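Novice: Letter by letter, the chains look like this.
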Amino acid sequence: MYKIVRKEALRPTVTLYEIEAPLIAKKAQPGQFIILRVDEKGERIPITINAYDPEKGTVTIIVQTVGATTEKLSHLNEGDCLQDFVGPLGKATETEGKKKVCVVGGGVGCAIAYPVLKKFHDDGAEVHAVVGFRTEDLVILEDEFKKASDKLIVCTDDGSYGRKGLVTDALKELIDAGNQYDEVFAIGPMIMMKFVSKTTEPYGIPTTVSMSPIMIDGTGMCGGCRLSVGGEMKFACVDGPDFDGHKVDWDLAVKRNQMYMEFEKHKHEETCNLFKKEAE
Amino acid sequence: MANMSLQKNPMPSQDPNVRNKNFQEVALGYTEEQALDEAQRCLNCKNKPCMQGCPVMVHIPEFIAKVAAGEFEEAYQIISHTSALPAVCGRVCPQESQCEKYCVRGKKGDPVGIGRLERFVADWHNAHCAGAPEKPASNGHRVAVVGSGPAGLTCAGDLARKGYEVTVFEALHLAGGVLVYGIPEFRLPKAIVQKEVDGLKAMGVTIATDTVVGRTISIDELMEEQGFEAVFIGSGAGLPMFMNIPGVNYRGVYSANEFLTRINLMKAYLPDSDTPIQHPKTVAVVGGGNVAMDAARCAKRLGAEVYIVYRRGMEELPARKEEVEHAEEEGVIFKTLCNPVEIFADEKDDVNKIRCIEMELGEPDASGRRRPIEKPGSEFDIDVDCVIMALGTSPNPLIKSTTKGLEINKKGGIVVNEEGLTSREKVYAGGDAVTGAATVILAMGAGKTAAKAIDEALSK
Ligand SMILES: Cc1cc2nc3c(=O)[nH]c(=O)nc-3n(C[C@H](O)[C@H](O)[C@H](O)COP(=O)(O)OP(=O)(O)OC[C@H]3O[C@@H](n4cnc5c(N)ncnc54)[C@H](O)[C@@H]3O)c2cc1C
Ligand SMILES: Cc1cc2nc3c(=O)[nH]c(=O)nc-3n(C[C@H](O)[C@H](O)[C@H](O)COP(=O)(O)OP(=O)(O)OC[C@H]3O[C@@H](n4cnc5c(N)ncnc54)[C@H](O)[C@@H]3O)c2cc1C
Ligand code: SF4
Ligand code: SF4
Ligand code: FES
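From first to last, the protein sequence lines stand for chains A and B.
Every letter in the first sequence is one number past the one before it in my numbering, and letter 207, counting from 1, is 207.
Every letter in the second sequence is one number past the one before it in my numbering, and letter 327, counting from 1, is 327.
Examples of chain A residues toward chain B, derived with CB under 8 Å:
#1 Gly42
#2 Glu43
#3 Val238
#4 Tyr260
Here are the simulated lysine-lysine pairs, DSS-like style, with alpha carbons at most 27 Å apart:
#5 B:Lys107 x B:Lys46
#6 A:Lys99 x A:Lys146
#7 B:Lys348 x B:Lys300
#8 A:Lys26 x B:Lys426
#9 A:Lys41 x B:Lys21
#10 A:Lys41 x B:Lys267
#11 A:Lys91 x B:Lys404
I should point out that these hints are in silico values taken from the structure, not numbers from a laboratory.
Remember, predicted model here, so these are calculated numbers, not experimental data.
Glycine residues also receive a C-beta, built at the ideal position from the N, C-alpha and C atoms.
Start from the sequences, fold in the hints, and give me the full structure.
Specialist: Have a look at this one:
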């Protein structure tokens, strides 16, 4: 069992959890993820490692409530335990040897982007960050991003905070303004990563994306997380999650991710009703 | 006087049209009367031909003689000299190509139902005698086991009995390997596997689930920092293979591992499980082994019409004979001598059709089996909303890439000598991680061999 030592609501639907997991804390590197199960009947869900403290033996994750499992998780409190917490999984992000990078984060993807951004920064690169959210209520980690980057642009879709518009517009402006990036690193919704990749392609800027397909075991046993990258089949949990954004078959990845949408919606509604009943 | 009936006592089973809608065990097991009657078919042959067919050399005539005498616990003790998991092997061994293949009674009529008797004896023991085993006194040596499939569990059990302090590291949240995530409940009830695992715990074995060796901790760290003196790797067969045909990534195309994991490990067929599973209408399962049969019969139980698509003929199906018979009885449709060439989908990328081509058998290939050849122009389509690939696996590179100096063969299997020792001192391996996908009994045997070698190495 893995104890929640700290829980902090960053936003109404975005929560930070610090979990006691000494072995994982000792091994974790930016870009890796864990798989957790909330309880005995629970689904295995992958969540990126946001931060880790080897001394304290804890791992921090930031989770957006989107469906049944993340909802269940949000009802746990400090002192409660998670049934399972396994990792660190996947390959670490390669951050070495880069002089100037732009990290593009979308929504809760910023939680995933943060440790990568910080590693670039700590390794001495000049780091620009472009982060986008739907609306002001969802903005997270702004202070952290500010501290670890040389330039930060916050965008919201509706203009309620920062600049109005898409991250791709801001990114394009930065590139057109003459910023020569060794690499662009994009993490967020698939659609956003797709368009970031499309934006950088004409400029020939190497672009890495952190893919989040549906996973079960996370150890390379089931093949559920497969993607087509440069025409080859890759398993995101062992070969990734980072891939060359210019080589990913995006349409396929986006569609595969929505595979269980109908089922999940139904489950989520059931869970919400359950909690409603409990509350009554 | 021996029972000279030419037929095996039939196995009492659930009715096919009932069982193909539930996940309860299909074969119900012999009653005492049936076991006694079947045991009397054994001629107690002097040269024990049946034993040569058993990879772990269970003392077959001896245990059957005890069954015939009604001494079931004694029979159990004889089996457990050489086999660690009789309740499992009695159920899942391909007896027709192992022990029963060599039984003299099989020359005319059915061989003795060795597997069924083995299962009877193990179940009888579990029902009547199975107090928790005692914890042996520790000998102070510590051994780590990677993976909790039959290879790992057996190695751990043998060492624990000798007083070793054993920790089994398992990547998933539940111990048992393929026995829990692959082989379905209706063929191998999970309570049986759990009982084996609980038995190990009672003997003092620590089961560390949620630990991916190579990620959470490496083999070198286990030995250098954690003080394990030897390691046994029983990490199984690895990554599923897919066909290289157009459409394999459409929604509704699964590896058998994914489909079976959702059902068996995550219990997605139960309403209170959070894990989703597609309830397909029509399914094509590609392949002809045990894995294909399990996937097909699970799909059937979710309410689908199911086709097995296999490129050779019925005779060549590599699955256990009993599984093929059960699948047929349950209404699975066999499309043998044909092979998929393309998968089609609708505008949402949901599978709606599989195109197959008919095959004929040509000259024998290197494996001695006749090679299937496509018949040009014989393509035909089946409307399906789900395709399950059961084509085997290729080794997972994780342990190799994180363990210095571990030698791997061309196919990616770990290289070991006859004692199970790898190219690394005090690191042993066995089971599917060495051989590629094989059988429970071979994995178990490899676990035993390595346990013996580890004991010899550490007690020097
Ligand atoms: C490598 C990786 C890293 C991730 N990191 C984070 C993170 O740091 N923070 C965060 O909030 N979310 C992260 N996610 C997404 C997170 O796993 C899903 O939000 C979560 O599984 C949703 O579960 P649910 O039951 O609450 O919602 P559901 O209702 O089950 O699903 C909502 C949507 O989430 C996605 N999803 C569902 N199940 C899975 C699954 N087993 N694996 C992957 N995606 C799934 C699907 O697109 C689905 O449509 C990550 C996903 C991956 C693959
Ligand atoms: C669906 C299916 C049906 C089958 N039916 C039969 C049958 O009827 N009869 C028969 O004899 N055989 C059958 N087999 C084959 C048989 O199950 C295998 O040969 C046998 O289980 C191999 O045992 P193992 O201990 O080597 O590996 P596995 O049973 O595969 O166990 C390996 C374990 O190691 C864990 N692991 C892997 N990597 C790591 C890591 N890095 N760190 C920690 N843990 C790790 C895995 O999660 C797994 O639990 C079937 C196989 C399948 C998939
Ligand atoms: S272990 Fe398997 S092969 Fe050996 S006797 Fe038992 S059923 Fe037959
Ligand atoms: S070969 Fe058959 S009849 Fe002879 S001892 Fe073995 S099981 Fe009995
Ligand atoms: S999640 Fe199963 S192979 Fe990647």
